[in-house]
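Got chain A sorted already, so can you dock chains B, C, D and E with the ligands onto it with the hints?
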Amino acid sequence: QTKITVGYTAVSEFLPMFVAKERGLFAKRGLDVTPQQLAYSSVMPAALQSGSVQIAGAASPVLLLANDNGMKLVGVAGTSVHQRESNAIGLVVKANGPIKTPADFVGKKVGVPGLNAALHILTRKWLDDRGVDTRRVTFVEAPFPQMGDLLRGGSIDAAITADPFLGRIVQSGVGAMLFPVAADLPAGFSNMLYMTTDAWEAKNGEIVKNFRLALQEAIVYAQAHPEDARADMGKYIKLPPQVLAALAVPSFDASLKASQLTFWADTMSQQQMLRAVPKLDTMVAK
Amino acid sequence: MNARIMDPAVTSAPLIRFDNVALDLGGRRIINGLDLELGRGEFVCVVGPSGCGKTTLLRLLTGLVQPTSGAIFRENTRIDGPARDVAIVFQDYGRALLPWRTVAGNVSLALEAAGVPRSQRPSVIQPLLQKVGLAAHADKYPAELSGGMQQRLQIARCLAQQPSVLLMDEPFGALDAMTRQSLQDELLDLVRQTGTTVLFITHDLEEAIYLGDRVLALRANPGSASSLAQSIPVDLPRPRDQLSTREHPEFLRLRRYLFDFIQEPHA
Amino acid sequence: MNARIMDPAVTSAPLIRFDNVALDLGGRRIINGLDLELGRGEFVCVVGPSGCGKTTLLRLLTGLVQPTSGAIFRENTRIDGPARDVAIVFQDYGRALLPWRTVAGNVSLALEAAGVPRSQRPSVIQPLLQKVGLAAHADKYPAELSGGMQQRLQIARCLAQQPSVLLMDEPFGALDAMTRQSLQDELLDLVRQTGTTVLFITHDLEEAIYLGDRVLALRANPGSASSLAQSIPVDLPRPRDQLSTREHPEFLRLRRYLFDFIQEPHA
Amino acid sequence: MSRALSSWRADRLGGIAVLGALVALWAGVTTAGWVSPVFLPSPSATWTALRTGMQDGALLTATLATIERMLIGWLLASVIGIVVGTAIGVSPALRGWVQPLLEFIRPLPASAVMPVAMALLGLSPGMVLSVIAFGSVWPVMLATVHGLSSVDPRLKEVSRVLGLSRSAFIVKIGWPHTLPDVLTGMRLSLTIALVLAIVGEMLASQEGLGSNILSAARSFRSPEMFAGVVLLGLIGCVSNALLSVAERSLGQRASAR
Amino acid sequence: MTSAKPSAIPRWRGILLPVALLAFAEITMRMADVQSDTLARPTDVLAALWRAMQDGSLLAGTAQTLGNALAGLAIGGGIGLLAGLWFGAAPRAGRMAGLTIDVLRPLPSVALIPIAMMVFGFGHGLESSVVAFTCIWPMLAFAQDGVSRVEPRLFEVSRILGLGTVARAWKVILPAALPRIFVGLRLSMGIALTIAVTVEIVANPMGLGYALAMAQQGLDPALMLALVLWIGILGWGLNAVLLAMQSRLFAHRGAAA
Ligand SMILES: Nc1ncnc2c1ncn2[C@@H]1O[C@H](COP(=O)(O)OP(=O)(O)OP(=O)(O)O)[C@@H](O)[C@H]1O
Ligand SMILES: Nc1ncnc2c1ncn2[C@@H]1O[C@H](COP(=O)(O)OP(=O)(O)OP(=O)(O)O)[C@@H](O)[C@H]1O
Ligand SMILES: [Mg+2]
Ligand SMILES: [Mg+2]
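Protein chains in written order, with my numbering: chain A, 1 to 286; chain B, 1 to 267; chain C, 1 to 267; chain D, 1 to 257; chain E, 1 to 257.
Bound conformation, chain A alone (with noise of 0.2 Å):
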């Protein structure tokens, strides 16, 4: 058995990895898998370079961004690929507030989960897609959990969520969701990721395939059972019973391919976040 630790962030995403980790799928392929749920993804790299994890999901921005700055990051599997029909993320504003069209964010104030985060470069795409100029959008990082509060309280005047948060804001009424921003993307590229270093991958190529192996098992057993799945995630993601059982599933995809990728090099480019164009071959494990 090789113990390794993978970390992880409170977000369906992950719903395979819980499952092969319960199922006896990682076991089975001589993996001794420890899930370590970290608050903030952003902490993930420097935890992969300390060693104190060896495998961490984070966004797909993160690697890009990493391998931009001089760390060596490769993404090891895939967790879901965006689809369009998917409701899983959405712009909300506040509920009868002044923005009803996007020209209105300009001079608002907009929430985002993490500065130069995948919704955050998401929100911005979408609102250049539309003709806005995002520099005169501010943009406020905002926990997930307090949306809903720092809407209501005028603090903010939108804000791009993600279930369950999204559900809630709606449902208390504090905000309404305008613009099911998923729809207006291209379907196919990668949500989240795991990654880790390229050193950690070039030596343990096997282990690495032996992972991303147990998840496409876990993938198709979690289609046949989704309640068992549903429950298997309940032990590593603490939520109240009732917003668990109406979180919604993203569409998963275990194998990753550097085209998943490229719709964030073209946008992160696009938003001059990059500063050398990625090569994308190297950033994706074999």
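Any given hint might turn out to be false.
Stated by the list, open to error - Simulated crosslink set (BS3-like; lysine-lysine; CA at most 27 Å straight-line):
1. A:K238 with A:K203
2. A:K279 with A:K72
3. C:K140 with D:K156
4. D:K156 with B:K140
5. A:K209 with A:K286
To be verified - Across the chosen pairs, the derived CB separations fall in these ranges:
6. D:S165 with C:R238: 57 to 65 Å
7. D:A32 with E:G67: 29 to 37 Å
8. D:L60 with E:A240: 45 to 53 Å
9. A:T101 with E:A240: 54 to 62 Å
Please keep in mind that the hints were generated in silico from the structure rather than gathered at the bench.
The C-beta atom is built at its ideal place from N, Cα and C for all residues, glycine as well.
Chains B, C, D and E with the ligands only, in chain A's frame:
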């Protein structure tokens, strides 16, 4: 000698009265069964062995400490805290000065407390400093003064209070003979002019006799006896004079008497 | 009188030599042109008006302050800092004690500095406290002592240093006549037994004569003159005695002489 | 006098030498590659980032905004700290009432208080200021309380004997004695205010160095982040130097103890 | 003489104010019927605290957080204390180091945490090193200040007695500066707890801070606030321990300046 305390001339209007006062400190009896009266304008000197409770007696009079039993009255009202017209020269002069104020500033403190307007203060401070010989050092800080200068500074501040009762705890202890004599005479002058009542602690028996109307001798470890071992009236004419008074036969007699008195043990 | 300093008996092996020492403090000349020699085992008393620089002189000898010009030698090596066998009794006794240590603990500090093993310390401390009359107060803290008791505690600590040079700045200033006399005699005993060299500041002229082999009179505001106004040898027999010595004609002569000397201005 | 002056200058040079040694150490660590440049950039990379940032002006604006926030929060904290500290210091009764509450809220981390503060006050600049004041008030307050309690008992007696009123005691004896303590407290508060100003900016996304540092950190742009950190050091250093000047002119008298 | 010591004040008085505040919060929240992911009613908070106590998670988290905070305090406080004593006793060294200290002091933990994580990974090392770094400064400032305000006569006494450097520091300087060092210690203690929790919230998956972040992300504001409350109680308790130590140590300091 105790009869003197009962002397009707003094008791008729005692300014201050100790009524069977006792005080414990650190679980030990320091002052015991003290009955004492001070007349208005009287100059009383206190002598006694080191650690016998002289300082403690003075602190009782200021109201800074309260007796364990008995009571102290001033004009028939019980003393329960400091009054602005009771001034005290502390024995540890160095600690009683404000280190961040100059010589003049330290004297000024007393005037500020009494609400003397700023414009009038220099005209009070200057002569006082002159009197104690610090006029040339008005802008120095206490840390730049010698021990005797600090002591004189404290005296100046007390005089600035214009007290009607002046309590002095070895006020001239750190002064040379010359300075001491001139300050003794200054003090006598002041008392004569203002009618201040003075309680004056000293280890110098001659000084006690030279200055006082009466000399109190305290005993250490009073046990069940009274702390007051003796009260010796000084019947020397006033105004006193450094030369003639000190050669006065009564002076010499008292000196001998006191010296013999403190030589014998008073357990 | 200055001839005495040149007396070959003393100069042959002076322990301490001041060589044209001057010191400025706060931009003023405090000590000027001081030439002085102290013989081994000599007991020298210093008198002078308040603020004339006596304490400063002592501090120069400890090496705590360095002269502005000139130099001070001890056995022909320049004094450039404190030495463990030079003890000083500070004038402001209250400040020189560690408030967080008991009476015994304060004395112990000197022994700890000298590396005396813990087990042997009580046997040194106890007799010392006895000597200064604090044996019954060994467990008190300085804040619980009277002024005179603090002063005696400081003396005990200095003696615990077993100094070969003892510098004392009005060490008995806060003591009553009795305690003072007994400590004077203790001191003379100690000096006779150990051959300690003593520089002793006092305002009590009789004390200076009673104790000293020589009395130095300092002048205030020396200007261009030397700080040393007079050096008066005391030719009284030893061992001295409180009764007979004080009645010795030479004692009375010196007393008169000194008294007259300090009366006249020495600008 | 001149000797003292030249030794002052020597110390100043020595101080710069010590700082230089630190920078050299930093350079050494990064060239030896002990720490990935993603987390610790080399001094030269930081310097480049600092220069570019300063040239386009954005960094300067952010710095000024942070300084302003820091100063206001710090002044707020100092005034509150001195006033409350004095009240507690001279009144045992008041101490009994409020000290336990203060001691309870003192160890609450800003990051734990912030969500509550945000819920109550929103993301306003006022919220950031109150968090700064909240976090940096303690050194001043504790120092004031301690300073007042350490006034020599003899001086308290002097004030009673002279008949000084309580307020006169505070102004004429309490504060002058406490001044050095309060200045030490204020010095600490200043840096805490600076750190909290940037934390507050990060959490409440007010414009300033904090947002710059955060967004650089989130993009793994360590040179830009450390450019911000260097600026913080500079602000800390300059403000402390100014405080020292004020202290020296104020404490000229007090130092004569 | 009769000035009230803290112990002379009835304990209940200090409790009254917090209880009143909590009752006020409860009533307003019931009346306004707030629905929030960050606020909760005091009664719910107390219930959550009780649950956490019973299932042992609170105890485990407390042990980890306190362990890290105290370890960091010991290391950082120790360094600060030694440096403070040194700089206080040798002002020239203090002036030389001053510049560097002023530059380092405002270094924010966001810059520090990734670097500490490189070196230590998750766990005690990461957290206590960041805590240690921040605890250095208050300790240093107050120790340095404490030493520079020691009665100069006592320095002279120790020189005259010929005490060695260590003995001088241990027997004279340290005890004399102790009251001020305690102020630094109490401040550092609060800061240690604050930083430990912050590091746990942001990066280190252990202890109360991690539990707090998890409760927040797990949409359990009652538990989150319960943890905040508990951290406050911890800090209050630690401070009470320090105060008790202080009053025992300084019982005889009647004359100490
Ligand atoms: N705070 C205290 N706690 C316990 N004992 C004390 C305290 N203050 C004074 N004493 C004791 O009270 C006694 C009298 O002290 P006091 O200062 O009155 O003496 P004194 O007559 O002024 O002596 P001296 O001439 O030496 O100044 C001493 O034995 C001293 O030990
Ligand atoms: N730190 C200082 N700065 C400036 N002047 C000082 C300083 N210390 C002492 N002086 C001055 O030096 C002179 C001598 O002081 P010193 O303490 O030696 O006097 P002294 O002879 O011991 O007097 P006393 O008998 O009153 O103790 C005084 O005039 C004093 O003002
Ligand atoms: Mg006394
Ligand atoms: Mg002197």
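Right, here's what the structure says about each hint:
1. A:K238 with A:K203: Violated: K238 (chain A) and K203 (chain A) sit about 34 Å apart, past 27 Å.
2. A:K279 with A:K72: The given pair, whose Cα atoms are some 11 Å apart, holds under the 27 Å limit.
3. C:K140 with D:K156: The given pair, whose Cα atoms are some 23 Å apart, holds under the 27 Å limit.
4. D:K156 with B:K140: 23 Å, holds
5. A:K209 with A:K286: 8 Å, holds
6. D:S165 with C:R238: 57 to 65 Å: 60 Å, holds
7. D:A32 with E:G67: 29 to 37 Å: For A32 (chain D) and G67 (chain E) the Cβ distance comes to about 32 Å; the hint holds.
8. D:L60 with E:A240: 45 to 53 Å: 47 Å, holds
9. A:T101 with E:A240: 54 to 62 Å: 58 Å, holds
Hint check: a violation occurs at hint 1 only; the rest are consistent with the structure.
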